Amino acid sequence: MSKIVYVELIDEKDSLKIQLKLPLMNGVSWGNIKIADTLAEGNYRIRAYTNYMRNFGTDFFYDKTIKIGNSISNKVFTKTSYKFSKENNLNNVDATI
Numbered sequence: 494m495s496k497i498v499y500v501e502l503i504d505e506k507d508s509l510k511i512q513l514k515l516p517l518m519n520g521v522s523w524g525n526i527k528i529a530d531t532l533a534e535g536n537y538r539i540r541a542y543t544n545y546m547r548n549f550g551t552d553f554f555y556d557k558t559i560k561i562g563n564s565i566s567n568k569v570f571t572k573t574s575y576k577f578s579k580e581n582n583l584n585n586v587d588a589t590i
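In the numbering used here, the protein residues as written are 494 to 590.
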């Protein structure tokens, strides 16, 4: 039985960006992929496999496409409306944001 699982982050051009080697204990492993701020936004694949799985080809690897993007944006989109009225000789403005 394999003792290591390989986890890879692959970009849209099939270029390997990150590879982790995680220990397997009773067929289970866990870990985190640290993504650099400099990594371009786009679609990436997470691929995972063991050395044993390599005997059967990449069709048997775990392979999932994910979207990586910037979760912090300085853009804010709002719908704003104003209602102007006059009451007791005073101007009123009601704003809805």
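If you are wondering where the hints come from, they were derived from the structure by calculation, not from laboratory data. Possibly wrong hints are sitting among the right ones.
To be verified - Straight-line alpha carbon distances no greater than 20 Å define the calculated SDA-like cross-link-like pairs of lysine to any residue that follow: (1) Lys527 <-> Phe553; (2) Lys514 <-> Phe554; (3) Lys514 <-> Phe553; (4) Lys514 <-> Asn525; (5) Lys527 <-> Tyr545; (6) Lys510 <-> Tyr555; (7) Lys514 <-> Ile565; (8) Lys560 <-> Leu532; (9) Lys568 <-> Ile511; (10) Lys506 <-> Asn548; (11) Lys560 <-> Ala529; (12) Lys510 <-> Ile539; (13) Lys527 <-> Val569; (14) Lys557 <-> Asp587; (15) Lys557 <-> Ile526; (16) Lys557 <-> Thr589; (17) Lys496 <-> Lys568; (18) Lys527 <-> Met546; (19) Lys514 <-> Asp504.
Since this is a predicted model, take the numbers as computed values, not measurements.
Verification of the hints:
1. For the suggested pair Lys527 and Phe553, the alpha carbons sit about 25 Å apart, so the restraint of at most 20 Å is broken.
2. With a CA separation close to 15 Å, the supplied pair Lys514 and Phe554 stays within the 20 Å bound.
3. Between Lys514 and Phe553, the direct Cα distance comes to roughly 18 Å. Compliance with the 20 Å bound is thereby established for this hinted pair.
4. Our distance criterion of 20 Å between C-alpha atoms is met by Lys514 and Asn525, whose separation comes to about 11 Å.
5. Simply put, Lys527 and Tyr545 have alpha-carbon atoms about 26 Å apart, too far for the 20 Å limit, and the pair is violated.
6. Between the alpha carbons of Lys510 and Tyr555 the distance comes to roughly 17 Å, so the proposed pair stays at or under 20 Å and holds.
7. Straight-line distance between C-alpha atoms of Lys514 and Ile565 comes to about 30 Å, which puts the hinted pair past the 20 Å bound.
8. With a C-alpha separation of about 12 Å, the suggested pairing of Lys560 with Leu532 holds against the 20 Å cut-off.
9. Among the hinted pairs, Lys568 with Ile511 is inconsistent with the structure: their alpha-carbon atoms are about 30 Å apart, more than 20 Å.
10. Restraint check: the Cα-Cα separation between Lys506 and Asn548 comes to about 25 Å, which exceeds 20 Å; the hinted pair is violated.
11. The straight-line distance between the Cα atoms of Lys560 and Ala529 is roughly 15 Å, inside the 20 Å bound, and the hint therefore holds.
12. Of the supplied pair hints, the one linking Lys510 and Ile539 holds, its CA atoms being roughly 10 Å apart against a limit of 20 Å.
13. Straight-line distance between C-alpha atoms of Lys527 and Val569 comes to about 28 Å, which puts the hinted pair past the 20 Å bound.
14. For a cut-off of 20 Å, the pair hint linking Lys557 to Asp587 is broken: about 49 Å separates their Cα positions.
15. Of the supplied pair hints, the one linking Lys557 and Ile526 holds, its CA atoms being roughly 14 Å apart against a limit of 20 Å.
16. For a cut-off of 20 Å, the pair hint linking Lys557 to Thr589 is broken: about 43 Å separates their Cα positions.
17. For the given pair, Lys496 sits about 46 Å from Lys568 by alpha-carbon distance, which is inconsistent with the 20 Å threshold.
18. Of the supplied pair hints, the one linking Lys527 and Met546 is violated, its CA atoms being roughly 25 Å apart against a limit of 20 Å.
19. With a C-alpha separation of about 18 Å, the suggested pair Lys514 and Asp504 falls inside the 20 Å cut-off, and the hint holds.
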